[in-house]
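Chemist: What follows is each chain in one-letter form.
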Amino acid sequence: MFRPRSEAAPATVTVSVEGRRVRVAAGASAAAAVLAAGLDDIRETATGSRRAPYCMIGVCWECLAEIDGVPSRQSCMVEVAEGMTIRRQIGPRRVDVAPIRR
Amino acid sequence: MRAAEFAVIGAGPAGMAAAIRAAELGLDTILIDDQRAPGGQIYRAVERAGADSPLGPDYLAGRELVAALRASAVEYRPATSLWHLDPEGRLFLAAGERCEVVSARRVLLATGAIERPVPIPGWTLPGVMTVGAAQTLLKTADLVPTGRVVLAGQGPLLYLAASQLVRAAAPPGLILDTTAPADYRRCLSALRRGRPRPRMLLAGLAAIAAIKRAGIQVRHGVRGLRALGAGALERVAWEGGETGADHLFVHQGLIPNLQISLALQLRHEWNDDQLCWQLVLDPWGQTSLPGIAVAGDGGRILGAAAARLSGELAALDAAMMLGRITGPDRDRQAEPIRAALGREQALRGFLDRLYRPAPAILAPAEDDTIVCRCENVSAGAIRRAVRQGAPGPNQVKAFTRCGMGPCQGRICAGVVAALIAESLGRSPGQIELWRPRAPYKPITVAALANLAVAE
Ligand code: FES
Chain A
1 MFRPRSEAAP ATVTVSVEGR RVRVAAGASA AAAVLAAGLD DIRETATGSR
51 RAPYCMIGVC WECLAEIDGV PSRQSCMVEV AEGMTIRRQI GPRRVDVAPI
101 RR
Chain B
1 MRAAEFAVIG AGPAGMAAAI RAAELGLDTI LIDDQRAPGG QIYRAVERAG
51 ADSPLGPDYL AGRELVAALR ASAVEYRPAT SLWHLDPEGR LFLAAGERCE
101 VVSARRVLLA TGAIERPVPI PGWTLPGVMT VGAAQTLLKT ADLVPTGRVV
151 LAGQGPLLYL AASQLVRAAA PPGLILDTTA PADYRRCLSA LRRGRPRPRM
201 LLAGLAAIAA IKRAGIQVRH GVRGLRALGA GALERVAWEG GETGADHLFV
251 HQGLIPNLQI SLALQLRHEW NDDQLCWQLV LDPWGQTSLP GIAVAGDGGR
301 ILGAAAARLS GELAALDAAM MLGRITGPDR DRQAEPIRAA LGREQALRGF
351 LDRLYRPAPA ILAPAEDDTI VCRCENVSAG AIRRAVRQGA PGPNQVKAFT
401 RCGMGPCQGR ICAGVVAALI AESLGRSPGQ IELWRPRAPY KPITVAALAN
451 LAVAE
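Top line first, the protein sequences correspond to chains A and B.
Using our numbering, you'd call the opening residue of the first sequence number 1 and step up by one each time.
Using our numbering, you'd call the opening residue of the second sequence number 1 and step up by one each time.
No lab work stands behind these hints: they were computed from the structure.
For clarity, every value in this text was computed on a predicted model and none was experimentally measured.
Any given hint might turn out to be false.
Cβ-Cβ distance ranges computed for the label pairs, FRET-style [what the hints assert, rightly or not]:
id	chain 1	residue 1	chain 2	residue 2	range
1	A	40	B	271	33 to 41 Å
2	B	291	A	21	18 to 26 Å
3	B	324	A	46	33 to 41 Å
4	B	48	A	69	47 to 55 Å
5	B	230	A	69	31 to 39 Å
6	B	346	A	85	36 to 44 Å
Yeah, the Cβ is synthetic: ideal placement off N, Cα and C, and Gly gets one too.
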């Protein structure tokens, strides 16, 4: 878990992480909001292993999440905005295609 | 198409210093950076920091350079990533869903360092992050870890981060220092030869004193580090010890971020003191490809102060190449910069010897340790591929999918090379380099389509 530093300025941006409302500092990343919300993990790999942000600087891609409905966003590189919705990324990105008729 | 004279990639100390100096010398300069504010990782979000920031004076010192950039004539493009660079100096950029091509007569890559990946057993468990990640959370979100916090590894950043957490009133419970006693002895000889810069040494000693005062337990000579837990981190273990943990932050030093230079197939060399690949550069930062230079930690690990100076040298060279100053002018203006650079570098040998990572960190001993986090490829699978005849990382990739995930080998490539080297009984420096390809960062088809329309 992470908490705001005791002398931090009040957090001003409200986002939703898996349905939980959480306030974070302006300038924070969506990945930081996930950690502030107390989530242990943010995504599941294609083979079902749970993962959380590792590097926070855009190198490892472990922070993939669905942000405002768009899947596979690198959440440590996305700055929070008021009202942003962040959800877990489960498995690889899915593309909706019409079923192929044989 | 926007045509600039000098394009700089990366707004850390090297890139900012280069861009500012180039603009002062009259070059039409564009500075591209994927973050929203200048500073790079070391001065990340420094403009927002209060004077009482727990990150300390060396961090706040970055404000001066950032302010100079804001006041300069440099065209600064934040939140923009370079996803392809062609050898003719055309830069393919993406900002959100917008793509754009910019041309430049000289290009400077100042893409900085990344933390060396630390492939220990259990490092994919949620709860295990890098020490740099803890710093980034403090810098950008004012967040600190709670519960039982363990910092493990080696390098100046380990103690710096610990002292920053102490100042943020969130001291870690335990530091596991993996520096081998033999390295402490080796570095003493470097100390005698190098005459280190007192300021840097004092900052390091101050951090260690702060940790002592805070009563944090420190264990030295730690080996066999591993993270344990079912689904998430629960315990941290090492040879002869174990402790419950909610967070494990790992660090084994910095390595250059070579994604772009490797894709361009510039000349690289193996640094056997730092155990990493770096660029082959002339004294001005010029690479093996005319018109493309590299400055700062993205070329070779120098530290922030030296990075800044190397950026200024690259700017002077660009100004000469583009006819703004003469050769003798360039050399004269470079003199004080080179003198300062020499002073900064005096400590380098000392640090390199002290913090040379243990071979076990380069190539994990246990076969079931994950190496490629994206595709879940283990060390054993890579050793198997080498036994089956894969001579280099590019073949291992085809055999195992290692490096085919979204990180494009940024995390695993060095570890794969070390595993191949170990299996073949060679130095990692003798192993073929992996070749990442554009797009350096994934872009959407929509963004690409926008580019086609704009062209
Ligand atoms: S946490 Fe590593 S890329 Fe986002």
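Chemist: Each hint needs a verdict: does it hold in this structure or not?
Modeler: So, going through the hints one by one against the coordinates:
no.: 1; hint: 40(A) with 271(B): 33 to 41 Å; result: holds (38 Å)
no.: 2; hint: 291(B) with 21(A): 18 to 26 Å; result: violated (51 Å)
no.: 3; hint: 324(B) with 46(A): 33 to 41 Å; result: violated (53 Å)
no.: 4; hint: 48(B) with 69(A): 47 to 55 Å; result: violated (29 Å)
no.: 5; hint: 230(B) with 69(A): 31 to 39 Å; result: holds (32 Å)
no.: 6; hint: 346(B) with 85(A): 36 to 44 Å; result: violated (52 Å)
Violated hints, listed in ascending order, are 2, 3, 4 and 6; each of the other numbered hints is respected by the structure.
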